[in-house]
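**Q** So the chains spell out like this:
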Amino acid sequence: MISTPHVDWFALSPTLALLGAGAVALLGAVLVPRRARRPFGATVCAFGFVGAIAAAALVYGFSADAHGVIGAAIQRDRLGALAEMIIAGAGFLAVWTSATEPMPDDHIAEYYALLAWAGAGMAFLTTASTLMTLFLGLEWFSISLYILCAIDVDLVGSLEAGLKYLIVGGFGSAMLLFGSALVYGATGALRFGEIAHAVAAQHLSHDALLVAGLALVIGGLGFKASAAPFHMWTPDVYEGAPTPVTAFMSAATKTAALVLTLRVLVTAFPQEARLWTLAIAVIACASLAVGNLAALVQRGVKRMLAYSSISHAGFMLIAIAANNALGGRALLYYLVPYSAMSIGSFAVVAARERELNAPVTVENLAGFGWERPLLGISLSVFMLGFAGFPLTGGFVGKFYVFAAAYRHGWTWLVIVGVAATAVSLYYYLGVVRALFMRPSAELQLAPVAGGSPPSERLLQTAVTGALVVTVGSFFAVQPLIEGAKHAAGVLF
Amino acid sequence: MLHSWLAFLIYGFFALAIPASMMVMSFVFATRPDRRTRARTIPFESGVSKGPPDQRSFTISFYLTAMLFIVFDIEIVFLYPLAVILHQLAWFGFVEFFFFIVILAVAYVYIWRKGALEWR
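Line order of the protein sequences matches chains A and B.
So the first sequence is numbered by our numbering: it starts at 1 and just counts up by one.
So the second sequence is numbered by our numbering: it starts at 493 and just counts up by one.
Since the hints were derived computationally from the structure, they do not count as laboratory data.
Where hints are given, some of them may not hold.
[Said to hold, decoys possible] Output of the computed footprint for chain B on chain A, the stretches with three or more beta carbons under 8 angstroms from beta carbons of chain B:
| # | region |
| --- | --- |
| 1 | 2-9 |
| 2 | 24-31 |
| 3 | 369-376 |
[What the hints assert, rightly or not] Below, in silico cross-link-like pairs of lysine to aspartate or glutamate (DMTMM-like), each with a Cα-Cα straight-line distance of 20 angstroms or less:
| # | chain 1 | residue 1 | chain 2 | residue 2 |
| --- | --- | --- | --- | --- |
| 4 | A | K485 | A | D106 |
| 5 | B | K606 | A | D105 |
| 6 | B | K606 | A | D106 |
All C-beta atoms in this analysis are idealised placements derived from N, C-alpha and C, irrespective of residue type, glycine included.
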């Protein structure tokens, strides 16, 4: 008799909601009349993400005791559920941002189907608790994103972005897979918990296979989190992909990759903590240096935000490197305002892009703050939030991250982080200056024919939502930290 | 120390030795005259030289149909072993496979309505 695992459908419900929404959206691509495809796809996809948020909230509520389900292939706990909520929230805002994106109608329903499936893959990844499910989830959302980057074939650079992401992402996946194979070879275990047991039982902590495997796994996950020195695809892909896709990638992919990095390192490699905390700290420093220094000289706003996202990967890796409860809490808290600020700022860039019909640079943002006060003020708040000013969640997030590193005894890492923040002020405030302190007369570009384009309600709703989360996470810090504490409590 | 890294040394040795030996052997065991004849300059794959370039054109539909066939062929490949042990897997096997078929059915409706099965 073959022993079959019990399938906990409830634990899978956030993933299933998104999978179902994707399937319906895909059928819409062929069964719904052409004109109705765009609203149909967007509505179904939005409902999928709302369903995933609700399902993840329920899983969070009913999973006070963490346990493995479905043959311990995935972990049902609050860490995964909280990350799923952040990912689904990011996806929901991305749908609002996409709704009025001037994309050809040819593949519009497929676009929403892939967006939902990418979200499903990420949701699945955050709950993975074996090396198999880890790789499955990673490839699942990566393949969806490769296509999403290249989906708007009329957009200059879109195909290039897709191809670059495919090749570099494929290399990253291969690294992760090779690392997993070495870890399996050394320990004979696939489940994270069993890897740790095998290392302890067989005294493998200095085993060459295991250490090499760990290094490759960290590298593979570094590609997905776009941490330096695995970041080289980020600026080109973020710049070339359709802006709503960039918005979704920057927020949700980073959430999934970083939460999984925390989970796999803490649960599978506790004996190697001395090694990986240092490795992650070095990667964090490299990301902060590369991201901030390269962002200083960018003129294109999308490229600047791409480098900014690399530096934020650095900040969040500091929290992982701390390897303590405070670090886990800091990471999960930081992801909330970071995702909102990221999606919000790319949404504003998308709005400006549609007005100008040209790539947005710091120069042609001039006067935008006066023309569209809501978007201008929102983008300023996001920039101040990225820089870590009070009254935004970015301030509290950075504060917690530095507190975690300090508690670990790494004052030097705090100093690097503070220095990086000081450097970042230059380019973040540069955007605010362009928005409000330069007259629009400096603007050289001719406006789109037919006068001022209509203001976009749907996109403005997305930006407002992101603004509310960014500022709200500063004032509602207590409940959020409580949630993050329960989630990180699973690991520490 | 060396002992624990020995496996990697051996791995690295073979990773280099296999392609290197292939290249060296193709020179050493070459039986044909040294002259670089036209046929020898043509790239070959898996030991089969492609010969002179083919002027006939294939329609892209061949590739599309072949790829779609593989997807549904794999479905059948999974169905046979399931049929053999369905009694042991019982409802679990049935539900799991039902999901698999539903996913493929969605894809089938999509490619059908999209016109991928039309021969053009």
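**Q** Against this structure, judge whether each hint is valid.
**A** Results for each hint:
Counting residues of the region 2-9 of chain A whose beta carbon lies closer than 8 angstroms to any beta carbon of chain B gives 4, which meets the minimum of three for the stated coverage. Given a C-beta distance limit of less than 8 angstroms, the hint that chain B covers the region 24-31 of chain A holds, as 5 residues qualify and 3 suffice. Under a criterion of three residues with beta carbons nearer than 8 angstroms to beta carbons of chain B, the stated coverage of the region 369-376 of chain A fails, only 0 such residues being counted. Proximity of K485 of chain A to D106 of chain A is assessed by CA-CA distance (about 45 angstroms); at most 20 angstroms being required, the pair is judged violated.
As the CA atoms of K606 of chain B and D105 of chain A are separated by approximately 14 angstroms, the hinted pair is consistent with the 20 angstroms bound. Distance hint between K606 of chain B and D106 of chain A is fulfilled; the C-alpha atoms sit about 11 angstroms from each other, no more than 20 angstroms.
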